[in-house]
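Asker: Work out the full structure, taking the sequences as your base and the hints as a guide.
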Amino acid sequence: MATPIGVGVVGTGLAFQAIHARVLEDMSQQFSLRAVWDPDGARAAAAAHWLGARVATDCDSLFADPSIDVVVIASPARFHAEQAIAAMRAGKRAVLVEKPLCRTPGEAEAIAREAHMRGVALLVGAMHWHDPAWLAAREVFAKTIFTPALVRSSIILPPNARFEEWTTEPLLPVAAQGAPVAMDAAQLMRLCILELAIHDLPLVRRLLPEGQVPRVLAARLRQPFGYAVSVRYGDVLVDLTGFLHGHWQTAWTLDATGPQGSLRLDFTPSFVAAGSGTMVWEGLHDARVHLPSDFNGYAGQWQAIDAILRGARDLPDPREVAEDFRFAHAIAEQAAALVGGEIAR
Amino acid sequence: MNSDDTTRTVGLASRRAGWGRELVASLPRSLRRTNDGMLPVDIMLVDGVPGWTIAAMQTLAQGVRALVVVEPGFVDPDELAALADAVDEAGADLTLVDALADSAALAGFRNLLDDSFGELVVDGARADCRSGLLLAQLRVLRALGLEGLQLTMIDATCASIIIEGEGHLGPATLRLRLSGAVGAGPERLAVIAHAAAATARLSWRGGTAARPIEVTLANVAGIRTLPAIHEGGHRRGLRALLASTRAPSGSAALRAFGRDLDLLRVLLDAP
Chain F
7 MATPIGVGVV
17 GTGLAFQAIH
27 ARVLEDMSQQ
37 FSLRAVWDPD
47 GARAAAAAHW
57 LGARVATDCD
67 SLFADPSIDV
77 VVIASPARFH
87 AEQAIAAMRA
97 GKRAVLVEKP
107 LCRTPGEAEA
117 IAREAHMRGV
127 ALLVGAMHWH
137 DPAWLAAREV
147 FAKTIFTPAL
157 VRSSIILPPN
167 ARFEEWTTEP
177 LLPVAAQGAP
187 VAMDAAQLMR
197 LCILELAIHD
207 LPLVRRLLPE
217 GQVPRVLAAR
227 LRQPFGYAVS
237 VRYGDVLVDL
247 TGFLHGHWQT
257 AWTLDATGPQ
267 GSLRLDFTPS
277 FVAAGSGTMV
287 WEGLHDARVH
297 LPSDFNGYAG
307 QWQAIDAILR
317 GARDLPDPRE
327 VAEDFRFAHA
337 IAEQAAALVG
347 GEIAR
Chain S
15 MNSDDTTRTV
25 GLASRRAGWG
35 RELVASLPRS
45 LRRTNDGMLP
55 VDIMLVDGVP
65 GWTIAAMQTL
75 AQGVRALVVV
85 EPGFVDPDEL
95 AALADAVDEA
105 GADLTLVDAL
115 ADSAALAGFR
125 NLLDDSFGEL
135 VVDGARADCR
145 SGLLLAQLRV
155 LRALGLEGLQ
165 LTMIDATCAS
175 IIIEGEGHLG
185 PATLRLRLSG
195 AVGAGPERLA
205 VIAHAAAATA
215 RLSWRGGTAA
225 RPIEVTLANV
235 AGIRTLPAIH
245 EGGHRRGLRA
255 LLASTRAPSG
265 SAALRAFGRD
275 LDLLRVLLDA
285 P
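Protein sequence lines correspond, in order, to chains F and S.
Just so we're aligned: the first sequence equals residues 7 to 351 in the numbering used here.
Just so we're aligned: the second sequence equals residues 15 to 285 in the numbering used here.
For the record, the hints were derived by calculation from the structure and aren't laboratory data.
The beta-carbon is built from N, C-alpha and C at its ideal position, and this holds for glycine as well.
Errors might be hidden in some of the hints.
Said to hold, decoys possible - Under 8 Å between C-beta atoms, here's a sample of chain S residues computed to sit facing chain F: (1) Ile168; (2) Ala173; (3) Ser174; (4) Leu183; (5) Thr187; (6) Gly197; (7) Ala210.
Said to hold, decoys possible - The following residues of chain F were derived to be distant from chain S, with all beta-carbon distances above 12 Å: (8) Gly19; (9) Arg28; (10) Met33; (11) Asp46; (12) Ala51; (13) Gly97; (14) Phe147.
Answerer: Here's what the structure looks like:
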């Protein structure tokens, strides 16, 4: 049996507790958590004690640990670029950065350049990218040219806290992690795009033609929390909507319609290990369906890392990862400017 | 052949072979189809394909005083206005019937919408054209009872649209978002109504078959699914007419349809 791949984690908040810790425990044959670091020493200690890892004194000491090949960056986004680049420069073989990759296109470019130069596997934590339903859709489009006229991403969810509660017990009381910060409309829109819509934006981008730039035509916030953003991308309209309501129902869909057929993906929500989504492709000459399975995109991303590091799969192109961020960032900034009143419509 | 006082003769105005026969045959006590072209008839069903206003004019000229246009499509505004005048002049009654707008499911969905709902999203896809797509969406909004529509085309390509706006549903103002595309694959239309504490959904898979249209209401108590109705909108619309639950309105429905077509033309011509 192969030696498990060593993993280090920077940031032991809810994303780590509810997602990565669970998956890594399930995949203990392939991965071994060696060290954690968090600016909150008590939380780091609790995570380390829970999972049998050591507490690193700082990021640099975690990155310098030769037993660690994979680093998870699960800190706030403002630290992602610096920490991801430091991890790569320390010789790590794979860096999994929680979404969003970073804050600016310049940071994304720097991260991608470093990964490209050093041959590091750079992944962004977005479960739908690894969802079998999306992989099934990509199989369809490997054989079928699809030029949609409209792509719609619709994310309708209860508040996150419900899913967190179903997946973990916070190591520390959540209230101790700080009170919510008041935001203006532009900041809220950035949050909507870069924290919620961004889950599916890499998928949306793969459905669009190459060589265009997104142009946001209209944007508005929804109450109590949500967004409706209309984007023009070449000859394609992109309809991005999200809404967090006060009841239980989830409806997380991505669909696209074009002259060759229509695609519909129904995804499971964040945090929970609710299995895969479903995919239905109804083409002019064929139809494909991917039925739900127990396999979840969260596990998928770790399986991808395992396969890459064992040489069974090619490195992802870090320039594509950076391009995904640039796409999301351009939409977020334009939409923020619209709701912030900087661009009159 | 048996008949009674309530049986009305019906003619079918369509170039499509066999069109409308099954619909008429589903109401054997109420309707009796005449031999092709035999007049007069009590009611004429007019196929709403391109050129339907001409067929309707001919029907009026032949003395028919009750017309039902099934699934009316885009027509020239002058032709429509002339038809409306002719309907009034003849003292006739013209009714419009749509597969979705006249369905029991849409009526059930409408009844779910209380004043807590603040936004209505309509999304659709169909194979023919943008104007047909948008017309179907507008017919749905009208069937839901929306008035005072203020719609703005956010953007349109040759095969897709995104529209935003608002409309009044009783005393409430609803924000509206319409999107859709022309493409291969099945015709479909979904309506989602958002409230902070509830979501109502209608999901229609196109066509005129009596396939039930799913309607649900989700809230903190769980989910309520409206009963499945295996009756298409065309039959239900026709039944409403026959049962006189829909009062004769002369050309009123036609003129309202014309105003909606004007609105759609403005939207589709918008840059």
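Asker: Checking against the hints above, which ones are violated?
Answerer: Hint check: 4 and 5 fail, others pass.
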